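Asker: Spelled out, the chains give:
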Amino acid sequence: MNRTINILVAVILLIFSAAPEIYSQSLREERDKYTLLTMPYNMRPLTLYRGQLKADAGYKFAVKGRKFDNDGNPVQLRTSGTGSVYHYYFADIRYGLLDFVELGAETSYIRHGVRSESVTYTSVSLTSAERVTVNQLKEIKGFSDILFNATVRLPIKYKWFDLSAKGGIYVPSAEYKQDKPEHRITNITAADSYTVNYKYNYTNGFGVPVYLLASQVKFTFRKLSLQAGLTFRTPAREGTSIRWEENLVEKTFIYYDQSYKYLLSDAWFADLAVHYQATGWFDIFVNVSREKTTGGWTEYWGNKYKNRETELIMIEPCFELQISPSLTVCQNAGFPVAGKNSDAPFYLFTTIRFSNFPFFR
Amino acid sequence: MVKYTHILKYLSASAVFFAPFICSGQVEKQLTPAEIKQQTIVTEPVTLKKGFIRSGMLTNYRVADKYFTDDGIKEYYPSNIWGTKSVYNLTFQYGISDRMEVELSTEYMNSRQESQKTEFIAATNTAKTVVTRQKGTGIGDTYVKIRYQIFPETSYRVSVTGNINLAIPTGEKNPTDIRSAEQYDLPVGSGTYALGGGLFARTIFYPYSFTFGLNYTYSFTGRKKFEITDIREIEFQPGEVLDLSLGANLHLNEWIVFSNELTYQHKDKGTVNGHYSALLPLTWSASYRPGLVFQVRRFRLGESVTIPVKGKNTAADPLYIVMAQYVF
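Going line by line, the protein sequences match chains Y and A. In this text, residue positions in the first sequence follow the numbering used here: the first is 1, and each later residue adds one. In this text, residue positions in the second sequence follow the numbering used here: the first is 1001, and each later residue adds one.
It is worth saying that the hints were derived from the structure and are not from the lab. In this text the structure is predicted, and so the values were computed from the model without any measurement. Take these hints with a grain of salt, some might be off.
[Claimed, not checked] Listed below are several chain Y residues computed to face chain A (Cβ distance under 8 Å; list not exhaustive):
#1 73
#2 75
#3 113
#4 122
#5 124
#6 234
[Said to hold, decoys possible] Listed below are the simulated PhoX-like cross-link pairs for lysine-lysine, each with C-alpha atoms no more than 20 Å apart in a straight line:
#7 A:1074 x Y:199
#8 Y:141 x A:1074
#9 Y:223 x Y:64
#10 Y:64 x A:1066
#11 Y:340 x Y:67
Cβ atoms here follow ideal geometry from the backbone N, Cα and C, with glycine treated the same way.
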C-alpha cells in the first residue's frame, strides 16, 4: 500500500517538476496575448494563463414563482400572491500566477423581498368593531462574504483533457447580524382598526469562516466539450448571531434582540455541462446542476433544531460570446427541474468578462 | 510663350499638390442598399431610406415588486400581491423618402394580478380566504409615428429629426368578464387619443454615437370605467407627458453595440370629471437603460433593461426589453 502511495507521489512530483520543460516549448509558440485572450472554450485549460487577469461582473434577475416542499412537490407562489424577485449582483477577479495556478477572489450582493400572505383579524361586538390587518415582509439585503481561492490544474498543455482542484475560504467580511426591524402601523381608521406592516431586515453574511473545496474535469472532442465539477462547502465553526423580537404597545413597537447559536449546513454542488463551440467566438452550452445542503442546526429558545435539508436541480441553457479580445458576454437562463425544501426560481444571469495581460506586451 | 509656360508649370504643380484632397472627396465609400440595410444602430441613417421597410417585435416584461411613493421613496408593495405585465409590440416602418419615415405599431398585452388574503372572524370563529385573479390579455392601443429629418445628417454633423405621434385607443378600456369583485379581466387600452411631437438629435463619432430626445404628449378627453363598481363610464383626461432622453452608444466590435440611455419622464396630474383626482396623480421617473444590440446582416437582435433610479408615484422595478428587427 505504502509503495503504491510512494509511486503515486513520485509521479505527481515528476509531472510538476517537468512542467517548466513542457511549458518552455509551448510558450515560444503561443505567448501571444491576443491568441490567448481569444482562445475558444474548447481549446483553453481550466485555469487562466500565466499573467492573465480576468474580472467578471454579473447580474442575475430571478423570479421566484414557485418552490418545492419537503416532499418535492412544486408549490405555486404566484397564485397566493407571495411570489418574489431576486436581484443578485456578482463580481470576481482572478489572476493566473502560473499556467497551472490561479488565484481569485469573489463576492456578491443580493436584494430579495419576500411577502407573506396578508391576514385580517376581525372582531365585531355590539359596541365596537376591531379590524387589524397584518402584512409581513422579509428582506434579505447585503454583500456576501468574500471568497479567496486558489486553483491548480494539471501542468500539461491542454489538448483534450484537464483536471483542476480548488480550495478557498469565505472570510466573514459581510454583515451577518439581523438588522433592527422596521415595523409600521398604517391605515388607522379607528382606535382598534389599523394595518400592521412587519418588515424584517436580514443580511447576507455567513458570520463564520467557511471552507470551500472543488474539483473540475474537462474533456474535448473537436467542437464538443464536457465539463463536470463537484464543490463542497463547510463551516469552520459554530456562529453566534442575534434575532430581533418585538412588542406592540400603544401602536408603538418596542424591539429587543436575543442571541442565538447556529451551525451552517454543509453544501454540495455538482454540475455537468455540454459545450458546443459553434465558431471561434461563440460557445453554446447546457449545464445541469444539483445543489444539496445537509446537517447544521439553529438554536431557538435554548433548543437546537436541525436545519432542513434542501435540494435543487436546475437546467441552464447558456452562451458565451467573445465581443473583443478583452470582452466576453455570457448569458444563461435557469429553469428549476426538481427539488426539496427549496425556492424554485427562474432566472436570467448576464455576465460581462474583462480579460487582459496587464504585465505583458 | 514663356509666360504661359510658367503658368502651365504652376498649374501642374498645383494639380499634383491638391490631387489627394480633390480625390479624397471622390473616393468616399458609397454604400450599396444592401450594405445600408446591414448597418448598426450607430451607423444607420436616422430615418429609413426611401422604399426600405423595417419590421420588428419588441417584448417587454415587468414584475410588480417595488414602487416609488408620493415622497419619492422606493418601497416594496406592502401586501401580498403578485403582478406581472408583458407587452408584445409589433412595429412596421417604411421610408417614404430618404428623409421621412412612417411607423405603425400595435401591442398585445398580457398582465396579471394575483393575491390571496385570509380573514379571521372572531364572532363566528371562522376564517375566509379571498382569492384575487385578474388578467388583462388582448390587443392594446395602436400608434402611428412620422419622422422627418429637419437637419439631415448628410449635410450637418448633428442631425435633427422631428416626429409626430398619434395614439389610437384600439384596446379594451374597461374591465370585462366581471365574475366577482376580485375576479375579472383588466383593461388593456388607455381609452383616449393622444397626440405628441418632439425632436431627436444625433451625432456620430465612430465608433460612438450620441443622442438627445425631447417629446411632448397631449392626451384628449376620454371616457372609461376606472372601477368595476362604476355603473357608467366616467370622463377623464390624463396629464401632459414630457419625455427626455440622453444616449451614448458604443461599437464593441463591428456588429455589437453597447447602448446607454438616461431617460426622464414627467406626467402631469390628470382629471376625472373635470377635477384633479388621486386616480391620475402626478408621476415622474428617471431611469438608466443599458443594452446590447447585435446586428447580424439585416437581422437585429437587442436586449436592454430599464432601471428606475428615482421617481414618484410610479413602478420602481426593472423593465426587460427584447427586440428583434429585420430590414427588407
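Asker: So, for every hint listed, does it hold in this structure?
Answerer: A quick look at each hint next to the structure:
1. 73: 18 Å, violated
2. 75: Hint on residue 75 of chain Y: violated, closest Cβ of chain A at ~12 Å, above 8 Å.
3. 113: 5 Å, holds
4. 122: 5 Å, holds
5. 124: Nearest chain A Cβ about 5 Å off; hint holds.
6. 234: 34 Å, violated
7. A:1074 x Y:199: 14 Å, holds
8. Y:141 x A:1074: 14 Å, holds
9. Y:223 x Y:64: Between residue 223 of chain Y and residue 64 of chain Y the Cα gap is close to 35 Å, so the pair fails against 20 Å, i.e. violated.
10. Y:64 x A:1066: 15 Å, holds
11. Y:340 x Y:67: It holds: about 8 Å lies between the C-alpha atoms, which stays within 20 Å.
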